[in-house]
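Visitor: What follows is each chain in one-letter form.
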Amino acid sequence: MKYSIFLIVAPLAAAFTIPMLGTYLPRLSKLIAALMLLAGTALSAWLLTAYKAQTVIVIGGWMPPFGISLHVDLLSLISVTAVYGATLMATLYQLFDGQEKKPYFYMLILLLTAALNGMILTGDLFNLFVFMEIAGISSYALIASGNGAAGVRGALKYMIVASLASVAYLAAIAIIYSTAGSLNMATVASGMRDLNPVVGALVVLLILASVFTEMEIFPFNSWVPSAYQGAPSSVSALLSGAVTVAAAYVALRMSYIVFGQGMGDIIRYGKFNVTNILFWLGVITVITGQAAAYAQADAKKMLALSSVAQMGIILFAISIASDLAIYGIVFAVIAHSLSKLLLFMVTGKFVSASGTSHWAKWKGLGRENPLSGGLFLIGALGILGIPLFAGFWGKFSIIGAAFKAPGVSWIGVYIILAATVVEAVYFFRLAHLLFEEPETKPVSIKSSIWFRISTALLAAAIIGIGVYPAPIDKKVRKIPTELSSKNTEGYISTAYRAMGR
Amino acid sequence: MNNTIFILGVGAFFLMMIGLYGVLTNRNVFRLILGLGLMETGVNLFIVGASYWKGGKPPILGTVFETKAVDSYADPVPQALVLTSIVIGLGVTALALALMVRLKETTKSIDIIETKEEEVNE
Amino acid sequence: MNKIAAIFLIGLISAGALGVYISNLPGKKPFKRNGHNDISRAYMTKTANGGKRNVIKKGDRKLENSSSNIVTAVVLDYRGFDTLGEVTVLFAAIAGIGLLLGGSRRRRIRPAGPVISSMAPWIAAFIIITSAYIFLHGHLSPGGGFPGGAMIAAGFLIMVLGMGSRAPKIFKTIETFGGLAFITVGVIGFLKKGSFLQNAFGSGEVGTLFGSIFLGILYAIIGFKVAAELSSGFGEFVAEEEGKHE
Amino acid sequence: MSAVNILILIITLVMLAGAAAVVTMKSMIGAAIMEGIVSLMAALLFLKMGAPDVAITQAVIGAGLSTALFVMALNRAGIDEKEASDE
Chain A
414 MKYSIFLIVA PLAAAFTIPM LGTYLPRLSK LIAALMLLAG TALSAWLLTA YKAQTVIVIG
474 GWMPPFGISL HVDLLSLISV TAVYGATLMA TLYQLFDGQE KKPYFYMLIL LLTAALNGMI
534 LTGDLFNLFV FMEIAGISSY ALIASGNGAA GVRGALKYMI VASLASVAYL AAIAIIYSTA
594 GSLNMATVAS GMRDLNPVVG ALVVLLILAS VFTEMEIFPF NSWVPSAYQG APSSVSALLS
654 GAVTVAAAYV ALRMSYIVFG QGMGDIIRYG KFNVTNILFW LGVITVITGQ AAAYAQADAK
714 KMLALSSVAQ MGIILFAISI ASDLAIYGIV FAVIAHSLSK LLLFMVTGKF VSASGTSHWA
774 KWKGLGRENP LSGGLFLIGA LGILGIPLFA GFWGKFSIIG AAFKAPGVSW IGVYIILAAT
834 VVEAVYFFRL AHLLFEEPET KPVSIKSSIW FRISTALLAA AIIGIGVYPA PIDKKVRKIP
894 TELSSKNTEG YISTAYRAMG R
Chain B
8 MNNTIFILGV GAFFLMMIGL YGVLTNRNVF RLILGLGLME TGVNLFIVGA SYWKGGKPPI
68 LGTVFETKAV DSYADPVPQA LVLTSIVIGL GVTALALALM VRLKETTKSI DIIETKEEEV
128 NE
Chain C
31 MNKIAAIFLI GLISAGALGV YISNLPGKKP FKRNGHNDIS RAYMTKTANG GKRNVIKKGD
91 RKLENSSSNI VTAVVLDYRG FDTLGEVTVL FAAIAGIGLL LGGSRRRRIR PAGPVISSMA
151 PWIAAFIIIT SAYIFLHGHL SPGGGFPGGA MIAAGFLIMV LGMGSRAPKI FKTIETFGGL
211 AFITVGVIGF LKKGSFLQNA FGSGEVGTLF GSIFLGILYA IIGFKVAAEL SSGFGEFVAE
271 EEGKHE
Chain D
59 MSAVNILILI ITLVMLAGAA AVVTMKSMIG AAIMEGIVSL MAALLFLKMG APDVAITQAV
119 IGAGLSTALF VMALNRAGID EKEASDE
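Chains as they are written, first to last, in the working numbering: chain A, 414 to 914; chain B, 8 to 129; chain C, 31 to 276; chain D, 59 to 145.
Next up, chain A with everything else stripped away, as it sits in the complex (with noise of 0.2 Å):
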């Protein structure tokens, strides 16, 4: 497990040697990156399996509360592992089916890999807020290093509303280092209960603001779709499936374990219960998300909106707080990764076969390329929910569990299974227009050995998932007695036997 440190660094060495190497050898600098990333993957995948207990690895030689520290556990591991995995694939298809790029752009996919993966791992809130900013920083510039002033005018809002979202974050720090006296998660989650309920509920606030940010959920997801339609396509699919899983985790572990107090009531200050800010945020989400991808005419827009619907879906199940709502997130979001990816991926194709991203212009593309057309179909059954495809499971076991929690939560049902046909609606419409007679025979979309390889892999994923799920099931099923508070060996404990008192 003490190498899980690598997870972070290696990325962050292999991008350093890129300045060097892609001023005097171009090529290499692009080798050095796929292969670190697929070195990257086999790493995760075998801690992923040498798993057995929580642990927490210490860096610099300082016990928790004074140094930083990092915390492993199996949530965290199989996170890593699809940040890992989406990475590679969006990295290869910019490599062999995506336009020509500056060495430099794959420094910057490095970077952010190891900074979603130092948000995932820390255990540390400035930490955090520092693989935030990193993560931040290589997006903004990888969604502007598309060709158009799209790209560049959806980097710069993204920038902007992320610098508001730092701003508060930081206001956060400062009061939680004030008052908790320590900014290591584990001795924040047991100072926080003795807060002043007021300040109490403006901390979580203020933090919760920054993650949603990254998380696109409703009133600071402005920039989302200008950010997704200028981005190239493999930066978009990275944001759609890497970005949005971090910054998933990131949420949950901030609402169950730093702000939590015990499942079921996760976030309650005194009267201020956060809860239900984070069911209602996690509703609305759906409802304009999935209502402005149906009258999208951009077809990246349309499937940004629909992953901010995703989102919102993960929030309203983070808000519920049972055992059978965390088992649902994590299969949703590796659900929605897996999906997204193949859906961008195949979405580039047909933006660069027709030259537009207005899906109108895309009748028949299917017919021509039946490849890429099932494959879109697949992405999109995938994204559904629909059985024997990988995101049943999770809305299934999100549905099962709003309807056994008490309150209000049978609302989000409903919603949800409405916002379900809306998003069923428009991802139908767009694949009978891919296979519709066209009028002028459409252009047959050119792919290299590696794209299919990867979007068969995906694919395979996706429906593998879907009708075989017990491998995941039964890490899985590990997930929720390990984030419980509850349980006695939890994480509050592990950080606390780490500092050995």
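Be aware that a few hints might be false.
Sample of chain A residues lacking proximity to chain B, with all beta carbon distances greater than 12 Å (derived) [what the hints assert, rightly or not]:
| id | residue |
| --- | --- |
| 1 | Ile470 |
| 2 | Glu546 |
| 3 | Ala557 |
| 4 | Ser558 |
| 5 | Val565 |
| 6 | Leu569 |
| 7 | Pro610 |
| 8 | Glu781 |
| 9 | Ala844 |
DMTMM-like mimics (lysine to aspartate or glutamate), calculated; alpha carbons at most 25 Å apart, straight line [as the list claims (entries may be wrong)]:
| id | chain 1 | residue 1 | chain 2 | residue 2 |
| --- | --- | --- | --- | --- |
| 10 | C | Lys199 | A | Glu513 |
| 11 | C | Lys33 | B | Glu121 |
| 12 | D | Lys106 | B | Asp118 |
| 13 | A | Lys774 | A | Asp510 |
| 14 | A | Lys515 | B | Glu112 |
| 15 | A | Lys514 | B | Glu112 |
| 16 | B | Lys64 | C | Asp68 |
| 17 | D | Lys84 | B | Asp118 |
| 18 | A | Lys891 | A | Glu781 |
| 19 | A | Lys415 | A | Glu849 |
| 20 | C | Lys92 | C | Asp68 |
| 21 | D | Lys106 | B | Glu112 |
| 22 | A | Lys415 | C | Asp90 |
| 23 | A | Lys774 | B | Asp78 |
| 24 | B | Lys61 | C | Asp90 |
| 25 | C | Lys92 | B | Asp78 |
| 26 | B | Lys61 | C | Asp68 |
| 27 | A | Lys776 | A | Glu849 |
| 28 | B | Lys64 | C | Glu94 |
| 29 | D | Lys84 | B | Asp78 |
| 30 | C | Lys33 | B | Glu112 |
| 31 | B | Lys64 | C | Glu235 |
Simulated from the structure, these hints should not be mistaken for lab results.
Ideal Cβ positions, reconstructed from N, Cα and C, are used throughout, including at glycine.
Position chains B, C and D relative to chain A; hints supplied.
Guide: For chains B, C and D alone, coordinates are given in the frame of chain A:
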């Protein structure tokens, strides 16, 4: 209540709010970046100010130093955090300015809101 | 957003902050502290790993950390991982600038007038020497790698603006080796002591220039790396010769 | 109010006035330079709060490099002051 801390806190808060006003009322990218810079400076002051107490001296060990004298030094942790935060702010500002230059090169204007729908050429 | 809405929103936030402030007055834990918490006290007495509380003054030896500037000790040693992240933030930003602005066409820079051109190298040399002092004495006096590196970059910018030279390719190599050296120091700690970025060089006398090899190495690395990054990145912003841009 | 408090109050007021100037000023280069002054005042406040490291960094990076960067970026983008009036 300590006057110094009150002045610092209110000053930092107003600085943040002035910056926020700048961010909310402008469409000009350059002015947005300036507003964000003001907010960052404000929040940095807030971090150090929130853990400051009267008479805090620079936390640098002198020639004679008793363990008891620790109390006369200001808290070093927020200072370390702010050092990091200032450098991060510089990185964000520099990248934002690069984005602004790109925007000016591609659209001949630095208005953040698009005038008409722009096509993506991938 | 129009101005009235903005003022309204700001008023709302201010009222909220005032409410929090007032409600906090009789609260369980006050906003303000009047002394150190456990963590900052441990940093100051250098007892984070449970050592006994020594009398610490200049000349003390064999403490867990030998920086007399506690902020430096926190930045580089106790929270060294944050600093690696901080270096990476700058690195990512400069890479982004390179990706966005680093065109393949060569830009020529118009040199300034004769007085400035002849003065520029001297001013730059003076600034660079001062900043080397600042980042080498980071563990003794205020300063350190980041302001030191930034000052070197400022000196370099004066040279660029005054003489019209461009950022040489060697800066890219310094960036690479600076970053790799930081990680190497971390990995040495991992191999010799068991945790990443752990001090594997021992700690000497508090308050002397060579008392702390570990901190000295790290700040020198940061200083060079920051200087190289900022110089090469900011070089991209230097306006090209009149009439060349379109 | 002690002398130190009055000094801090004056610095804070200058800083806030500078910030107000950044937001309201017509000229963009002027606003960038005012932002430098705000940073300088913030550096003085940091010094008063017993944080010389932060003060040096804020002065070098906030007041020096950032301001230079703002002006250079305006030059590089070729933005003339006529566009400064927005809306």
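Visitor: A separate judgement is required for each hint: does it hold in the structure or not?
Guide: Right, here's what the structure says about each hint:
| no. | hint | in the structure |
| --- | --- | --- |
| 1 | Ile470 | holds (21 Å) |
| 2 | Glu546 | violated (5 Å) |
| 3 | Ala557 | violated (6 Å) |
| 4 | Ser558 | violated (10 Å) |
| 5 | Val565 | violated (5 Å) |
| 6 | Leu569 | violated (5 Å) |
| 7 | Pro610 | holds (19 Å) |
| 8 | Glu781 | holds (19 Å) |
| 9 | Ala844 | holds (21 Å) |
| 10 | C:Lys199 x A:Glu513 | holds (22 Å) |
| 11 | C:Lys33 x B:Glu121 | holds (20 Å) |
| 12 | D:Lys106 x B:Asp118 | violated (39 Å) |
| 13 | A:Lys774 x A:Asp510 | holds (22 Å) |
| 14 | A:Lys515 x B:Glu112 | holds (19 Å) |
| 15 | A:Lys514 x B:Glu112 | holds (19 Å) |
| 16 | B:Lys64 x C:Asp68 | holds (18 Å) |
| 17 | D:Lys84 x B:Asp118 | holds (16 Å) |
| 18 | A:Lys891 x A:Glu781 | violated (46 Å) |
| 19 | A:Lys415 x A:Glu849 | violated (55 Å) |
| 20 | C:Lys92 x C:Asp68 | holds (22 Å) |
| 21 | D:Lys106 x B:Glu112 | violated (43 Å) |
| 22 | A:Lys415 x C:Asp90 | violated (34 Å) |
| 23 | A:Lys774 x B:Asp78 | violated (71 Å) |
| 24 | B:Lys61 x C:Asp90 | violated (29 Å) |
| 25 | C:Lys92 x B:Asp78 | holds (23 Å) |
| 26 | B:Lys61 x C:Asp68 | holds (19 Å) |
| 27 | A:Lys776 x A:Glu849 | holds (6 Å) |
| 28 | B:Lys64 x C:Glu94 | holds (23 Å) |
| 29 | D:Lys84 x B:Asp78 | violated (48 Å) |
| 30 | C:Lys33 x B:Glu112 | violated (29 Å) |
| 31 | B:Lys64 x C:Glu235 | holds (23 Å) |
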